[in-house]
Amino acid sequence: MKRVTIIGAGEVGTSCAYCIAERDVINELVLLDRKPGLAEGKALDLRQMAAIKRFDTNVIGVCNDYTATADSDIIVITSGITRSPGMERSELVTTNAKIVQEVTQQATKYSPNAIILVVSNPLDVLCYCAYITSQFPAHRVMGMSGLLDIARYKSFIAEELNVSSKDIQALILGGHGKTMVPMPRYTTIGGIPIRQLMSEEQIQKVIKRTQLGGEELINYLGRSAWFAAGASICQMIEAIICDQRRVFPVCAYLNGEYGFSDIYLGVPVILGANGIEKVIELELDPSDKENFIKSENEIRNNLNIMRQIIQS
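In this note's numbering, the protein residues as written are -17 to 294.
FYI, nobody ran anything at the bench for these hints, they're computed from the structure.
Please note: incorrect hints may appear among the correct ones.
In silico DSSO-like pairs for lysine-lysine, Cα to Cα no more than 27 Å straight-line [as the list claims (entries may be wrong)]: (1) Lys190 <-> Lys160; (2) Lys276 <-> Lys190; (3) Lys(-16) <-> Lys160; (4) Lys(-16) <-> Lys17; (5) Lys148 <-> Lys35; (6) Lys260 <-> Lys(-16); (7) Lys160 <-> Lys148; (8) Lys190 <-> Lys271; (9) Lys187 <-> Lys91; (10) Lys(-16) <-> Lys24; (11) Lys160 <-> Lys276.
Cβ-Cβ distance ranges computed for the label pairs, FRET-style [to be verified]: (12) Arg227 <-> Pro94: 22 to 32 Å; (13) Lys271 <-> Arg5: 46 to 56 Å; (14) Arg177 <-> Asp38: 45 to 55 Å; (15) Arg289 <-> Ser269: 22 to 32 Å; (16) Lys271 <-> Tyr202: 13 to 23 Å.
No experiment lies behind these values; they were computed from the predicted model shown.
Don't be surprised by glycine CBs; every beta carbon is placed ideally from N, CA and C.
Please construct the entire structure, taking both the sequences and the accompanying hints into account.
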């Protein structure tokens, strides 16, 4: 019996629920929200869609009933307020740290062997919040950011070159925000290094747009987007449930890797049934290393703010 719980039935949670239910790789999906009727209604809608899309995943919706989430293999945390235009991810720390702390306490009480997948922002800081709250081993607490950031990066490269995004391989390190580090050194199109197909000016244009990818969408929508995020979460869930051992960029706990300790940052990992099976360390260009350090410094500052909030 494979069971996944998604906490937060907003746009991101619902998009993820749709994706993973349709994949038909789990037996039961529990959608939980604090607003009465929201998760129940969306779960009912998804169940009715099953006959059309031909999947057997049983989708259950509940209002704040954590007993219904018992024995989940994966707990996905999407709860919290989302960004509005002009707002930085770091501004969400005060409210969302308390929410993630409470949600983690409740969910892990009933699923002590689960893997936690954090989606709420500021992502890197809230991963650490879930880690210290749950007291789970670090390999079972992680965040979704890299796959989403890379999806945006690939999309912008494909647009710039007028090629299929299917043929693009890429990597991004660091925090989920403006200090993320897209890596041209590890970016190829059909196996061809990006620098043989794009000028440095084009590459920097794409990198800048990727770093501001969330803001671009918020300016259009008035809030954070959800389709690509939901699909990214789904990919991670499938890799874990099916023990695919995929090499994915994940927000992971670092304990000496890349010279950083006691912090969550985006790095490539092997993702399988046990969660993060291995953190992959890469050789970095001096400029990428410098930018990675800047990203770590920003996350470290927000981490100190988060610690004060959840301890108060």
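Hint check results:
no.	hint	verdict
1	Lys190 <-> Lys160	8 Å, holds
2	Lys276 <-> Lys190	16 Å, holds
3	Lys(-16) <-> Lys160	36 Å, violated
4	Lys(-16) <-> Lys17	26 Å, holds
5	Lys148 <-> Lys35	24 Å, holds
6	Lys260 <-> Lys(-16)	23 Å, holds
7	Lys160 <-> Lys148	25 Å, holds
8	Lys190 <-> Lys271	17 Å, holds
9	Lys187 <-> Lys91	46 Å, violated
10	Lys(-16) <-> Lys24	20 Å, holds
11	Lys160 <-> Lys276	11 Å, holds
12	Arg227 <-> Pro94: 22 to 32 Å	24 Å, holds
13	Lys271 <-> Arg5: 46 to 56 Å	37 Å, violated
14	Arg177 <-> Asp38: 45 to 55 Å	47 Å, holds
15	Arg289 <-> Ser269: 22 to 32 Å	31 Å, holds
16	Lys271 <-> Tyr202: 13 to 23 Å	34 Å, violated
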